[in-house]
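Numbers -19 to 934, taken from this note's numbering, label the letters of the sequence shown in order.
No lab work stands behind these hints: they were computed from the structure.
Check each hint, because a few of them may be wrong.
Said to hold, decoys possible - Calculated pairs, DSSO-like style, for lysine-lysine (alpha carbon to alpha carbon, straight line, at most 30 Å):
| # | residue 1 | residue 2 |
| --- | --- | --- |
| 1 | K349 | K462 |
| 2 | K477 | K258 |
| 3 | K410 | K438 |
| 4 | K442 | K410 |
| 5 | K438 | K194 |
| 6 | K896 | K822 |
| 7 | K933 | K799 |
| 8 | K310 | K360 |
| 9 | K449 | K477 |
| 10 | K362 | K442 |
| 11 | K563 | K310 |
| 12 | K223 | K349 |
| 13 | K362 | K477 |
| 14 | K258 | K223 |
| 15 | K343 | K438 |
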Amino acid sequence: MRRNWVLRFSILINVAVVLYIGSHMLIGSGDYALGTGYIISEEALKQETAAEQYKQYPPAQLRLLETGQQLFDQQQALQQGRSSLMLKMQENADGQQSVGGGPGGDATGVLNGSDIFSTTASMDVDAKLRSLLNCHDRDYEPYIGQRGDFWVLWNYIRAEHGDLQCHKTITYTTHADYTFLDNLVPLLERWNAPVSLALHAPGTDFVPTINSIKYLRDCIPESNLVRQFVTFHIYFSSKHIPKLVPKHNQVLDTPYNCSLAVPYFNVSVAQLYKTQKKLLYPVNVGRNIARDAAMTHFLLASDIELYPNPGLVHKFLEMIARNEPVLQRKNPRVFPLPIFEVDNNSPVPRDKGELQELLRLGKAIPFHKRVCSSCHGVPKSKEWIAANETDDLGVFHIGKRIGYFVHWEPIYIGTHADPHYDERLSWEGKSDKMTQGYALCVLDYDFHILDNGFLVHKPGIKVLKKDVKRQVLASKTNQLIKKMIYPELQVMYGTRKGCAMSAFSGTTNYKPLHPNDVEMIARRSTVLRTVLLLVIVSFGLFCLMGYFYYPAQDLNYGEDHYLADDASQEALLRRLKTILNCKTPSNAFQLEIHGSHYLLRNFYSPERTFNCYETITYTTHADYTFLDNVVPLLQRWLAPISIALYVPGVDLDRSVVLIQYLLHCHQQHKLVQEYVSFHLYFEFEHLPSRPISYYREKITDPLDCSNATNTWNTLLSNGAETIPTFRAANNLTYPVNVGRNVARSAAVTHFVLASDIELYPNPNFISMFLRMIAHPFYQYTLHSPSVYVLPVFEVAEDVPVPNDKARLLELLERRDAIKFHENICSNCHTVPGYAEWITTIKYDHTMDIHITSKREGAYVSWEPIYIGTKYEPEYDERLSWEGKADKMTQGYIMCILGYDFHVLDNGFLVHRPGIKTAAQANRPPQQAKQRSFMRKTIAHEIAALYGQREGCKI
-19 MRRNWVLRFS ILINVAVVLY IGSHMLIGSG DYALGTGYII SEEALKQETA AEQYKQYPPA
41 QLRLLETGQQ LFDQQQALQQ GRSSLMLKMQ ENADGQQSVG GGPGGDATGV LNGSDIFSTT
101 ASMDVDAKLR SLLNCHDRDY EPYIGQRGDF WVLWNYIRAE HGDLQCHKTI TYTTHADYTF
161 LDNLVPLLER WNAPVSLALH APGTDFVPTI NSIKYLRDCI PESNLVRQFV TFHIYFSSKH
221 IPKLVPKHNQ VLDTPYNCSL AVPYFNVSVA QLYKTQKKLL YPVNVGRNIA RDAAMTHFLL
281 ASDIELYPNP GLVHKFLEMI ARNEPVLQRK NPRVFPLPIF EVDNNSPVPR DKGELQELLR
341 LGKAIPFHKR VCSSCHGVPK SKEWIAANET DDLGVFHIGK RIGYFVHWEP IYIGTHADPH
401 YDERLSWEGK SDKMTQGYAL CVLDYDFHIL DNGFLVHKPG IKVLKKDVKR QVLASKTNQL
461 IKKMIYPELQ VMYGTRKGCA MSAFSGTTNY KPLHPNDVEM IARRSTVLRT VLLLVIVSFG
521 LFCLMGYFYY PAQDLNYGED HYLADDASQE ALLRRLKTIL NCKTPSNAFQ LEIHGSHYLL
581 RNFYSPERTF NCYETITYTT HADYTFLDNV VPLLQRWLAP ISIALYVPGV DLDRSVVLIQ
641 YLLHCHQQHK LVQEYVSFHL YFEFEHLPSR PISYYREKIT DPLDCSNATN TWNTLLSNGA
701 ETIPTFRAAN NLTYPVNVGR NVARSAAVTH FVLASDIELY PNPNFISMFL RMIAHPFYQY
761 TLHSPSVYVL PVFEVAEDVP VPNDKARLLE LLERRDAIKF HENICSNCHT VPGYAEWITT
821 IKYDHTMDIH ITSKREGAYV SWEPIYIGTK YEPEYDERLS WEGKADKMTQ GYIMCILGYD
881 FHVLDNGFLV HRPGIKTAAQ ANRPPQQAKQ RSFMRKTIAH EIAALYGQRE GCKI
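Turn these sequences into a full structure, and let the hints steer you where they fit.
Next comes the structure, spelled out in structure tokens:
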């Protein structure tokens, strides 16, 4: 009863807040507001710097700045004191600053009149972009992951911009080691938009890398730009892990002493750990990490020493919003930027006019003209240079990577759908972008060369120098490309004649801010703070129910503390949408490099789409011999299933045939079409016999179901005539954890059940679980590291899988069912409170937490299967199924991180009928080798990455 009153009171306050907002929306609704191009960042206004900048402008701009400064002063007065709020446009003003300038640079504390543009125009562009791009927002969560031989600290130090809408801006994605971080500020001053930066920091390079980041964020006048826009990702080889890696939420706790030397200046190459250990720079690993982490639809994958002309982001998005006929061609496209170099004594040009003047004087040249002119020569480059600059950004020419430009390595604005860079190539070996360029050519990309956009290298013109060691590496790289990578690319992307492998309208939409509008902005700011306070108080009261209110200890209380059975599904979904606050990812096909594997993500995507909050995805792995489990699993789950199939060699052909059968010929093919996504992966050295495009087309082709049924029966037969898999014939180990991670990362929902394909859940599980999560009583489980565990069982060969707990308990009593792996490793799957769990029967369709436990003590070897999210620790991809204990390292990490394991009282999994014996699971040689590797190698890596905790063992 008390809860109902608190709930009603909370709803009442929320209604009041809505009315309060509505009343103020009627006040002063003028024609001007802060558009999407603005950021409110905290910084004290520096009057001396502003005054110094003020003197540098010509009279017309000076008058504009005078107006802007007056308005700023008025706003300060209205807010009664010095405000720490600064309005700063995403695009730089058109000042005459040279890159790297200090106090004489942009007036970062001045509010320019041109900084405010028409609300109507900005909303129009925003709406058009959202409709045209139809992109998916991405999560912004820090986590630790594997990428082949590398550990990656994703989103390790996040920018203050927080979550981004995918259509709002463009991300500059780049890579470096800490000695290149002097380029970050000049880059940011011209880009003024999100930057995703992957830093290579092996061994002892890690500490100066972190110190450099701290220095940039706290010790320079432009630190606000770094904090606002730059997200840092760190990566290093598993063989060169730093001694200690602080947790993401603790790494900035100890500030850098700004009086000390700048960590990234005057560092010789010989001082680097990389140099001392003779490591190559994994340039393409960094490129792919930075690109994959970008949250926006459009991204500019570039090098940190290449600076774009100011205003590019805003003008590019305006161009896209106009959607002119040239942008409506069917071919995939990217937008290359011509690249230039300037001499050491020249400023980096800020617009095309300045660039043309430097080129005329011989102080600027096309990029790498004296090193590899064909690598960066742009089609119609002479005409581009001769053409005058215009206010708008547009497409100057559409080129192809053929003929004279067959070796072109363009740097361009593209999307996540573009091919990845090959991670086997290093910077020292050169030609690191050639393979991607070949893929773009084969896929028939159009290269839309922008008329007024360009990149300029950090001042200093490069000349060709003789480097014997690098020449040797380049020769080896060319052989690797020629003998291995090129044949692979012909299979992965196909071939095309001519493709070869070698080594918004300017400022017209702006309106100035009038003095009368200053009061309006100040008033709305006050309203915003008031409303925010009311929302926080209201939300706090609402959440207190879940934290501090406990129902009376009545055996029937379960019927009361759930949402009413007749509550609408829509109400439940609205509640889940609010409390989960998740983002639904794209399910588009993507050909990726995943460590030492090629990955065909979303090789087949289901016809039905889901929001991230409305259901749960069952994520699993297999090879084609296990595909007969798909329909029995689906009939009990009736929700998305994400399956990663290991398909080396000819196994890919067989897998595609069986997927076709499931999609077109099985009695339940409609269910498969609606719910199941398939992802295929295989090693570089075990390619299929035909190009991937052939299989992509085949999966949708009509099928002769009579022949397909015969093939299905033959391939899945367990008799003497069984055809051996490619994996078995070539004695390959099964990379079980690669499959687990791929399937989980591809899930479209917030909650996932990472399980094995032969484990079937009880029906109605999803609805019971989501209703439990939606209830305020269980909100506390979402605010700490938590997962929700399902007990697992086995049943005899001829026993049907039970549909409810009552039937399961009957089978357990008759010994027709036992705990999972009871005959193999009883402690591995016995849940805490098991004796009580099997004595508790629930006849209604409700779910509660039976007990909460840790993975320690008697459960130190526990390998639970649970409902979690895709951001739980990854499974170590170096472990194989044959070596057993493949989930132990993940459980050990969860123990260190203090996870709560909530055992569910009315949910369970049952293995496909047939009880396993110890003899069936015995694999002594592989098991001993894998356990030794876990203790001697992986345990030390985990200690460095996650720390240690008493009671946790591997």
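Hints, one by one, checked against the model:
1. K349 - K462: Holds, because 26 Å separates the two Cα atoms, which is no more than 30 Å.
2. K477 - K258: 40 Å, violated
3. K410 - K438: Satisfied, since the Cα-Cα distance of roughly 20 Å is no more than 30 Å.
4. K442 - K410: Since the Cα atoms of K442 and K410 sit roughly 15 Å apart, the hinted pair holds (cutoff 30 Å).
5. K438 - K194: 23 Å, holds
6. K896 - K822: 29 Å, holds
7. K933 - K799: 23 Å, holds
8. K310 - K360: Judged against 30 Å, a Cα distance of about 23 Å means the pair holds.
9. K449 - K477: Distance ~35 Å between K449 and K477 Cα, so the pair is violated.
10. K362 - K442: 21 Å, holds
11. K563 - K310: This hinted pair holds, its Cα atoms lying about 29 Å apart.
12. K223 - K349: At roughly 43 Å apart (the allowed maximum being 30 Å), K349 and K223 break the hint.
13. K362 - K477: Holds, at roughly 27 Å.
14. K258 - K223: 19 Å, holds
15. K343 - K438: Holds: K343 and K438 sit about 13 Å apart, inside 30 Å.
The structure fails hints 2, 9 and 12 (numbered hints given earlier, in ascending order).
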